[in-house]
Structures are given as structure tokens and as C-alpha cells.
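If you read the protein sequences in the order shown, they are chains A and B.
Following my numbering, the residues of the first sequence are numbered contiguously, the last one being 112.
Following my numbering, the residues of the second sequence are numbered contiguously, the last one being 1493.
It should be emphasised that the hints constitute simulated quantities derived from the structure, not laboratory data.
Just so it is clear, the structure is predicted and the values come from calculations on it, not from any experiment.
Heads up, the beta-carbon is just placed ideally off N, CA and C, and yes, glycines get one too.
There may be inaccurate statements among the hints.
[Said to hold, decoys possible] Cβ-Cβ distance ranges computed for the label pairs, FRET-style:
id : chain 1 : residue 1 : chain 2 : residue 2 : range
1  : B       : Leu1036   : A       : Leu21     : 31 to 37 Å
2  : B       : Val1413   : A       : Gln69     : 49 to 55 Å
3  : B       : His1160   : A       : Gly10     : 48 to 54 Å
4  : A       : Ala84     : B       : Asp1202   : 20 to 26 Å
5  : A       : Glu53     : B       : Ala1276   : 36 to 42 Å
6  : A       : Val57     : B       : Gly1267   : 30 to 36 Å
7  : A       : Pro63     : B       : Val1413   : 35 to 41 Å
8  : A       : Leu21     : B       : Leu1020   : 34 to 40 Å
9  : B       : Trp1279   : A       : Leu73     : 45 to 51 Å
10 : B       : Leu1416   : A       : Leu21     : 48 to 54 Å
11 : B       : Gly1070   : A       : His98     : 49 to 55 Å
12 : B       : Arg1103   : A       : Ala6      : 48 to 54 Å
13 : B       : Leu1036   : A       : Ala84     : 54 to 60 Å
14 : A       : Glu53     : B       : Pro1405   : 36 to 42 Å
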Amino acid sequence: MELLVAIIIGVLVASGIYLCLRARTFPVVMGLTLLSYGVNVFLFSTGGLKINEVAVVGKSADPTDPLPQALVLTAIVIGFAMTAFLVVLALRSQGEQHSDHVDGKQDDGGHQ
Amino acid sequence: MSHLIIAPILIPALAGMLLLLEVRERHRLRRITGLLACVALLAVSILLLRQAWEGGYTVYQLGNWQAPFGIVLVLDRLSALMVLLTAVLAFPALLYASCGDDRRGANFHGLFQFQLMGVNGAFLTGDLFNLFVFFEVLLIASYGLALHGRGPERVRAGLHYVVLNLVGSALFLIALGLIYGTTGTLNMADFAVKAQALTGSDATLLSVAVLLLWVVFGLKAALFPLYFWLPATYAGATAGVAALFAIMTKVGFYAILRVYALGFVAGPFAGLGQQALWWLALVTLLLACIGVLGARRLGVLVAYLVVMSVGTLVASLAYGALDAVAPALYYLVHSTLVCGALFLLNDLIARGRGEVADQMLAGPAIVHGGRLSLLFFVAAIAVIGLPPLSGFVGKVSLLQAVPEPAYWVLLLVAGLCGLIALSRAGSTLFWRTTGEGSGLRPARRHLLAVLALLVLSPLMTVYAEPLLQFSQAVAAQLQEPQGYIRAVLGGDV
């Protein structure tokens, strides 16, 4: 299972970084979203991976670590708010500059 | 337990919430609320500084959960100094913005208070994840503030700033995950203790985590190669906001200093990433020189002066085991205040010149340019580091503390470049005039805000001796991380 989670994190982060480096705002937003998904899964796994165990001490012989779950909750909330803000900003950028290029360059025939 | 230590976070939080509730655009009410909160913050931070000066460490356990399980706030001399510096900078910046700039967008005052809350929280927290949360608080407020007012240029610079910082946050989280995975703690003091005991692959993972932290803090501090966002963002921001942002790069420097002093001066991880920081800081200094010389707008020039101060500070930190921290702290206070004043002055000059604004072109004469030119002259002398103002004292004591040829050469070259650039800027802006201008004359409150910041530079020269002694005391406390650790975790270390 560790291998599976590691591959998932790797694929998410790699595609996130690739999309972040694109020149249009929409792929960048998608890239940041994927990146934060990857980071969240990574944070979640830092306490060790356990199957079918509750995160409460005393309810189980080998409880899973509750702290990463709390951390990841915080990170999800913050990441979600930031993404929402970025979407609004990207829309405003397109509205003011009449282009969805991250540097505000005008369209040059649809090339990306 | 004294509850005063949480006041620098609660005052702006409450003021910010009250300001969000005020929806009827009563500007006078908003301004008074914001300014009152800043005054209260100033008073509290002076009290805190006295407390830190006399009593060593104050540890505040939130919800009374024992460290390292709960989140703690820790007040020592360094954090007290930084909180006071924030308050001293915030009041003039807000005063300046309250002359009309705050009406150019919604909720300026609320965002300003939340920004202060985030900065103060970052200075006071003793927990790494909490540091991340306060970073996010100050960042999301700064996104709003950087975009305050309108204009495509601001949006473009803002977009870069936001995307870069979101990637930075992702890296920060990865570092925190690695730290928690290897040491099982996020409390800074506990982390410093547990890190020393790691061996094998865990130690390697921890090194990766700490190097990632340097990257993230380097992005906040605007260190090469992560400073390219700064000039456009700062030069584009509204004057009061840009002045407040002068403290933001110092938050990054503070975070490096704090983590470094706690766990990486001695022990198995001693000097982790120090070499890299040293060279990157020197390159930052060099590129800032080029940026200062090449700037075609006064705002960009001042922004590069901020980058220059960051290079100076980080290099002095990376030079040796906290030897140069005392003069670096003096220089930090000086450069923050003077750069803040320069951002305000830049706006006054741009207003006075009308259409040409702050571009380095011949333009109409500035209305009431005499007073402005005098202020500009004083600020320029201070920021370059010519005698008799505080920049000189700061640079001389830094040069004494860092006897390294590369640093000497670069710092002196930086001073020379600053001198050339600022004298060229001054003569272009004030003397190459083309007839009578139609710009706006500065309001009295504008000048008062600039003066409030600028007058601190001569004061810092007059009281250089006690101030340097104070920064020595701060550095001495940083060199004894055991005291911090014992204060947070109790006596069993």
C-alpha cells in the first residue's frame, strides 16, 4: 500500500508541476489544485499508513495517528480558499487584460 | 499566566472583524478604528518588549495544553523586537493610506489588520504548523492588499505573486510532513531536541525537510533565485501597502533565523545549507545592485533596495554561527523603517509629478518640491549608509562582524550603486523639469507619516550605543537555544 500511495503522490505532484509551468491561467490553476492534492495525501501519510484502525487512543490496540488528519484538514481548508481566490484573480486578469496569458500577453494565434 | 502576549494577535483580529462588519462605507469610522488598533498594538508591543527584556522567556500555552502537545506562543527578545518593529511601521503606513488611498477598493482596513495579525502571529508562535497557518493568514491578506486599487499591471504582478506563494505553501507543507514523519513533533523546541537524535535515513529526510524550509523562507525573504516577484509586486502596490510590505521580507529572514538558531548552529546538523545561503545571499546582493542601477521607475528602485537589504541580512546570518546577528538586527530595523519611508515618498513624488508619475524622465516640476527633495535626500543618505545616519552605523558594524573579502566588496559596491542610482534619480526627478506642474501637493498627514518613519533614522544614530547593546542581548539569547527549549518544554531537557 505504501508503494501505491507513493505512486499516487508522485503522479499528482508531477502533473501539478507540469501544469503550473504552462502559460495560461487555467492550466496553472488546475496544476496548483493537483499539487495541493498531492501534498495533502503526503501529509496524510506522514503518521504511517494503517488500515481499519480508528484515530482514537484506547478504542483500538494500534490506533492510527490523529494529528496528520487534523493537519490535513487545515491544509485542505486553506488550499481550497486559496484556489477560490486564484480563480477569481485569474478571471479578473482575463477581464482587465483581455488575455488569459499569465504575463498578460495578447493572443498570438492560439499557441500555448 | 500573563495574557498580554496574545494581544498582538487578538487586537488586529478583533479590529479586522469589526471592520468587516462595518458595511456602510463610513470611512472616518473605519480609519479611526484601524488607527486606534495600531496605537493599541504599539502600546502592547512596548510593554512586551519590556517584559522580554527583564524576564527572559514568556511561554503561553493556548488552551492550556502542555507543550509539545498543544500550540505555544513564545515571547523572547527577538520576537518582542520584531512585533514592536511591525507596530512602529504599521501606524505611519496606515496613517498615509488613510488620506484617500483606502477608498480605492473595498475592505482595505480589514485586510490591513489581518495582515498585521498574520505578521505578529508568525513572530510569536513556537510551533511550525502554526507558523504555516500564520504565513497563510498574512499571505491571503497581502494578496488582497497588493491588488488594492485597480490596474492591469497590478493584477499581472499580483497573479505571479499569488501563484508563487501557493507553490511555496505546498513546499512548506511537504517540509512539515517530513518533519512530523521523522521527529513526530511540530513544536519548534521539541523539534530542535528530537532532530539531534536522528540517524540514518531519518536524518537524511530531515535534512531534506530543513532545506525545503530554507527554500520556502527564502521565497518569503526574496532571496535569489526567488526574488523576481518582488519588484513588480512592491512597485505596483499602493504606497501604504508597499510600506507595510517592507516588513514582509523580514518575516522570511526571521523564520530562517529562528529555526537556524534553535537547531542548526551546533549538533549533527550544524551549518545545514549555510554555504548555499551564503552564496545565494551574495548573488542576491549583486543582482540587487544591477536592479537598482537599471530601474526606470523610482518604485522599482526602492523595491530593489529592499532586495539589497535582504541579501545583506541573509549573508551576515549565513556567514557564521550567529556571530553577526547583533549588527544584522540593528540593520534590519533600520532598513525596514527607511524602505517603508521611501515607498511613501515615492508615492508623494509620483503624485507631485502628475502624468509622468515615478518614471525617471524629465517631467513637470513637483508642486512644493523643496520639502519633498529634502526628505528624499535624508532617506537616500540613510538607506545607502552614508554618515551620519543609521545606515552608516548598521553597515560599519556589519562589516566589522563579517570580516570576509567577498562580503566587504559586495556591501561597499552595493552602497556605491545605491549612491549612483539614488543621486541620478533625485536629480532627474527634482531638477530635470519641463515647466510648471499640475500634480497634487502632499497633504499634511502624508508628510507627517513620512516624517514619523524618517525621524527614526537619526534617532537610531543618536541612540546607536544602547540599541546595539540591545541587539547584542537579543543575539546572546539566540545563542543559548537551551534556554528557549527549557522554557517551552519544562526543566527535563
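Which of the listed hints are broken here? 1, 3, 4, 7, 9, 10, 13, 14
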